Structure formats: structure tokens, C-alpha cells
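S.K.: Position 93 (the sequence shown) corresponds to 93 in my numbering; numbering is contiguous.
Hints were generated in silico from the structure; no laboratory data involved. Don't take every hint at face value.
What the hints assert, rightly or not - Computed Cβ-Cβ distance ranges for the label pairs, DEER-style:
| no. | residue 1 | residue 2 | range |
| --- | --- | --- | --- |
| 1 | D69 | Q131 | 18 to 24 Å |
| 2 | G100 | T7 | 26 to 32 Å |
| 3 | Q131 | P37 | 29 to 35 Å |
| 4 | V46 | F127 | 32 to 38 Å |
| 5 | K114 | V89 | 30 to 36 Å |
| 6 | T45 | T73 | 21 to 27 Å |
| 7 | R129 | D48 | 19 to 25 Å |
| 8 | G100 | Q71 | 32 to 38 Å |
What the hints assert, rightly or not - Mimicking DSSO-like on lysine-lysine, the simulated pairs with C-alpha atoms at most 27 Å apart in a straight line are:
| no. | residue 1 | residue 2 |
| --- | --- | --- |
| 9 | K67 | K104 |
| 10 | K2 | K17 |
| 11 | K17 | K67 |
| 12 | K17 | K54 |
| 13 | K54 | K104 |
These numbers come from a predicted model, not from an experiment. Ideal placement from N, C-alpha and C gives every residue a C-beta, glycine not left out.
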Amino acid sequence: MKLQTVTRFFELTEQFKTDEADYAQILHPEIEQTEFPNALTPQLTVSDRELLFKRMPGGRKLLSSQKYDIQHTYEAGNTLIAEVVWSAVVAVDAGAFKAGQELKAYFCCVFEFKDNLIHRQRNYDCFERFQ
């Protein structure tokens, strides 16, 4: 059940879905997402449900496509940990990014569940060097 929920979350995210209704069956109303500092997010960022949905359109503005490829998962109690390879193509020139540029990163995502929904998510993202 947890793996199906996480897989659906990644499917919606890679399709740039931003409608809260699409996530109703997978995200807990009290969702909290923590993104640890990385090449794109220089400071620890904690998003509640409202902020999470406000941040979602940003990906669609920069990227023309993205893919989440789950490599391994580990489950214990109410927690599922996923090792994920993320790849994307930049849509527009923006800062250091150029249209058509390919991006790749390796994510370790920790999902905690409550009421069979994703309640907490922690992302540890390692990006390949931007070229």
C-alpha cells in the first residue's frame, strides 16, 4: 500500500499535477515536506500543505519534462524510504539553465504515513553537476 501511494505521488509530480484534488487520496491534510539543502535549494525548506501546493507550479515553469525512477525501497512500520533517480529537461533559459539542458539527481526520500496517507516527507537530493 505504501509503495503504491509513493509511486502515485511521483507519477502526479512528474506530470506537473498541481490540483489538490489529484493528491487527496495520497497526501495527509497535515502533510509536511522537508527538503534539505542541495544544489537547487540552498537552505533547509519546510513546506506545509499550503506552501507545498504554492511551490508546485515552479517545476512546470522551468522544466519541459521530468521522470522519477524508483530504484529501491525499504519499509519499516509507518515509514517507506525510496532511492530515486530523477531526470529532467529544462524548458526555458533561466539563470544558469539553458533550454534543452538535461538534469539528473539522486534522491533519498523518507515518507512517513498516517491514516495510510503521506504525512511527512524528507528529501535528501544529490544533483549531478550542472553543465
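S.K.: Now tell me if each hint is right for this structure.
M.R.: Each hint, compared with the structure:
1. Restraint check, D69 to Q131: a C-beta distance of roughly 21 Å satisfies the suggested window 18 to 24 Å.
2. A beta carbon spacing of about 28 Å between G100 and T7 agrees with the range 26 to 32 Å that was offered as a hint.
3. At about 21 Å, the CB distance of Q131 to P37 disagrees with the hint of 29 to 35 Å.
4. Between V46 and F127 the beta carbons are some 20 Å apart, a value that contradicts the proposed interval 32 to 38 Å.
5. Between K114 and V89 the CB atoms are about 35 Å apart, so this pair conforms to the stated range of 30 to 36 Å.
6. One distance hint, 21 to 27 Å for the beta-carbon pair T45 and T73, holds here, with the actual separation near 24 Å.
7. For R129 and D48, the hinted distance range of 19 to 25 Å is not satisfied, since their beta carbons lie about 32 Å from each other.
8. Range check, G100 to Q71: about 26 Å between beta-carbon atoms, so the 32 to 38 Å window is missed.
9. Distance restraint check for K67 and K104: the Cα-Cα separation of roughly 10 Å lies within the 27 Å cut-off, and the hinted pair is therefore satisfied.
10. With a CA separation close to 20 Å, the supplied pair K2 and K17 stays within the 27 Å bound.
11. Taken as a hint, the K17 and K67 pair is honoured in the structure, with Cα atoms around 13 Å apart against an allowance of 27 Å.
12. For the hint linking K17 to K54, the alpha-carbon distance of about 12 Å falls within 27 Å, and the restraint holds.
13. At most 27 Å may separate the alpha-carbon atoms for a hinted pair to count; K54 and K104 meet this at roughly 24 Å.
Going down the numbered hints, you'll see the structure goes against 3, 4, 7 and 8, while the others check out.
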